[in-house]
Amino acid sequence: MKTIDTGPKVDDLGVSEETLAAIILEARAFDVTVPETDEDEASNDIDDDEISALEDQPDNPAEQVLLEAIKSLSIEEQETLVALAWVGRGDYDAAEWGDARKMAADRDNGDVAHYLAGMPTLGDYLENGAEALGISLADTSTQTMSHMG
98 MKTIDTGPKV DDLGVSEETL AAIILEARAF DVTVPETDED EASNDIDDDE
148 ISALEDQPDN PAEQVLLEAI KSLSIEEQET LVALAWVGRG DYDAAEWGDA
198 RKMAADRDNG DVAHYLAGMP TLGDYLENGA EALGISLADT STQTMSHMG
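Using the numbering used here, the first residue of the sequence shown is number 98, and each one after it goes up by one.
Be careful, since some hints might not be right.
Stated by the list, open to error - Label-pair restraints from in silico Cβ distances: (1) ARG204 / ASP109: 31 to 39 Å; (2) SER169 / ASP205: 19 to 27 Å; (3) GLY231 / GLU173: 16 to 24 Å; (4) ASP190 / GLN161: 28 to 36 Å; (5) ASP109 / ASP203: 13 to 21 Å.
For the record, the hints were derived by calculation from the structure and aren't laboratory data.
Note that CB positions come from ideal geometry on N, CA and C, so glycine has one too.
All chains, please: the whole structure from these sequences, using the hints.
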C-alpha cells in the first residue's frame, strides 16, 4: 500500500480536492452501470429490478450527472482532470505533470466531458493520478460523501 508522507508534489493542482472527490464519486457511479440486458433472457424475475438499477438505460441519470458535473467546471479544471486521468492510467508519471497539463491544454478541447466519461474506470484514473502527485483524497472523499444528498 502506498503511503503519502511527502505532501503534494504540485503547488497548485488546478482543481480543489473537494471538487475532484465529487467528480470521482460521480465517475464511479457511472462506472458501475452495465449494458442493458434483454428482459426475455433467462433469469430470476425477483432479481430483475435489482439489475435494472445498474443498467445503462436512457433514463439512468448517472452519465448525465457526470457530464454536467464536468461541464460545470472551468476549462482549467477540465484540463486538470484530463491530465490527472492520463497520469492515473500511466500515460505520464508524476515527474511529467507539467507536460501532461500542457498536453491537456493544447489538445482539441471539443468535448472534454464526453472524452472523460468515455474512459472506463475514470474514477480510479483520477484517484490514482492524485495519489501519484502526493494528494490523498481519503478524508475529502469521506466528507464529500457525507454532504451529498
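Here's how the hints hold up against the structure:
{"no.": "1", "hint": "ARG204 / ASP109: 31 to 39 Å", "result": "violated (20 Å)"}
{"no.": "2", "hint": "SER169 / ASP205: 19 to 27 Å", "result": "holds (21 Å)"}
{"no.": "3", "hint": "GLY231 / GLU173: 16 to 24 Å", "result": "holds (20 Å)"}
{"no.": "4", "hint": "ASP190 / GLN161: 28 to 36 Å", "result": "holds (33 Å)"}
{"no.": "5", "hint": "ASP109 / ASP203: 13 to 21 Å", "result": "holds (19 Å)"}
Checked against the numbered hints listed earlier, the structure breaks hint 1 alone; every other hint is satisfied.
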